[in-house]
Amino acid sequence: MSENGTKRLALVASKGTLDQAYPPLILASTALAMGWEAGIFCTFFGLNLLHKQRLGHLQVSPIGNPAMPPPIPAIEALKVPNIVGMLPGMTAMATMMMQGMMDKARMPSVKELLDICIEGGVELFACGTTMGVMGIEQKDLIPQAKCAGATAFLSYAADADVSMFI
Amino acid sequence: MSENGTKRLALVASKGTLDQAYPPLILASTALAMGWEAGIFCTFFGLNLLHKQRLGHLQVSPIGNPAMPPPIPAIEALKVPNIVGMLPGMTAMATMMMQGMMDKARMPSVKELLDICIEGGVELFACGTTMGVMGIEQKDLIPQAKCAGATAFLSYAADADVSMFI
Amino acid sequence: MSENGTKRLALVASKGTLDQAYPPLILASTALAMGWEAGIFCTFFGLNLLHKQRLGHLQVSPIGNPAMPPPIPAIEALKVPNIVGMLPGMTAMATMMMQGMMDKARMPSVKELLDICIEGGVELFACGTTMGVMGIEQKDLIPQAKCAGATAFLSYAADADVSMFI
Chain A
1 MSENGTKRLA LVASKGTLDQ AYPPLILAST ALAMGWEAGI FCTFFGLNLL
51 HKQRLGHLQV SPIGNPAMPP PIPAIEALKV PNIVGMLPGM TAMATMMMQG
101 MMDKARMPSV KELLDICIEG GVELFACGTT MGVMGIEQKD LIPQAKCAGA
151 TAFLSYAADA DVSMFI
Chain B
1 MSENGTKRLA LVASKGTLDQ AYPPLILAST ALAMGWEAGI FCTFFGLNLL
51 HKQRLGHLQV SPIGNPAMPP PIPAIEALKV PNIVGMLPGM TAMATMMMQG
101 MMDKARMPSV KELLDICIEG GVELFACGTT MGVMGIEQKD LIPQAKCAGA
151 TAFLSYAADA DVSMFI
Chain C
1 MSENGTKRLA LVASKGTLDQ AYPPLILAST ALAMGWEAGI FCTFFGLNLL
51 HKQRLGHLQV SPIGNPAMPP PIPAIEALKV PNIVGMLPGM TAMATMMMQG
101 MMDKARMPSV KELLDICIEG GVELFACGTT MGVMGIEQKD LIPQAKCAGA
151 TAFLSYAADA DVSMFI
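Residue numbers (the numbering used here), protein chains in the order written: chain A, 1 to 166; chain B, 1 to 166; chain C, 1 to 166.
Any given hint could be a false lead.
A pair counts as met if it fits within one copy or between any two copies, since identical chains are not told apart.
[What the hints assert, rightly or not] Below 27 Å or equal to it, Euclidean Cα-Cα: the simulated BS3-like pairs (lysine-lysine) are: (1) 104 <-> 52; (2) 79 <-> 52; (3) 52 <-> 7; (4) 146 <-> 7; (5) 104 <-> 139; (6) 7 <-> 139.
Simulated from the structure, these hints should not be mistaken for laboratory data. It should be emphasised that the depicted structure is a prediction, and the values quoted were computed from it without experimental measurement.
With the hints as constraints, model all of the structure from the sequences given.
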């Protein structure tokens, strides 16, 4: 619990694909709606969540995830095999299909969720140590991103009710 | 700690491959054996854990994970390269091999672990928001799955001693 | 908090690629520097962190992760498509490039971080249940690795201030 008695959620976002960018944003915005405070420490590929250009172009991998549901969910035989998934254009196709499913399920976009997080005052930490590794500079990030290290995150998480690494 | 003073484990299961389905089930069943209470919030690909048809057919990816050990563990040179791993039948092959290693190590199947969790009263939440995205309806899930949102999970996790996102 | 009043970080390391081996080691060594105590429970592919031979040869996958930045970060069009990434030699190439970015960002190697963790007294648990599944024997691991089960980890994590599954 934070010093003022409010419940707190502390998250690390380390992945940068569309499917894995949603969980930290959904959890943080849900926490806000419950009157909690929340912080997201973006590191490695998770820095894409704070990246001005990349956030709007997150993608889903069509290969390497045998848990990916088939295009028509009831027909398991339609699952896209890796030898097809690796063809040019298939990453865009898989992304378009998942985005379509998300729109149908009326899920907000990652951009909309990030805006909710920003308006609600979610602390957005950009891991300074891994920015260089990902070829990202401060100017590539949204102005709300606060450059910080793992020390800042652990201090924040020490007072959290729920901490999770995503 | 929960209201009745019992220790509590709160997990999110977001992955649906064989290797990543085990950790939430092992942790929750271990917690039960220690007299804790436990809950698993299944979201995105993790919904496969509660899916009547899919649970028995979880697979391991033969590509995209350079940490996958070679078929004969002592001979690193036998590691399956991606160009071979992406061929038809290799996902089934990798799954069969890992399942074989698991049987040899006398690990229970995911189905057996889920049954232990159900009998022990683990709370099984199915994320209502992502069911649509994964093409899953309530009727596809086991009857013990309770359709819920992130709010229900965070409320549950707020009283947990250990919370983890898997 | 541990019995002696020191803050505690409890981590599960379940991945064995270069990019995913860093977070547990960075977090644990940062915790040490802050005067916390820390423990890492290595399971499944995460056992590579304690593997004498494998730790020095962790790799990055060139495929299946559309969040991988392009070789020249400012030019998104240079992103390596899966059909190229799956060619022989590309895993070594992607690893070399990420290692180069890490060296440029002056990040210590995973080996150096592990040494810091060992010297600082981080508890290193090797999951006995999954060692068999990964084809690993006690003699393959560094002497500081303590063979343990999920029970030992949950007992350790119950007294932690921050617990995370990586």
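Hint check results:
no., hint, verdict
1, 104 <-> 52, "both (26 Å within a copy, 23 Å between copies)"
2, 79 <-> 52, "between (33 Å within a copy, 18 Å between copies)"
3, 52 <-> 7, "neither (30 Å within a copy, 36 Å between copies)"
4, 146 <-> 7, "both (22 Å within a copy, 25 Å between copies)"
5, 104 <-> 139, "between (35 Å within a copy, 19 Å between copies)"
6, 7 <-> 139, "neither (32 Å within a copy, 35 Å between copies)"
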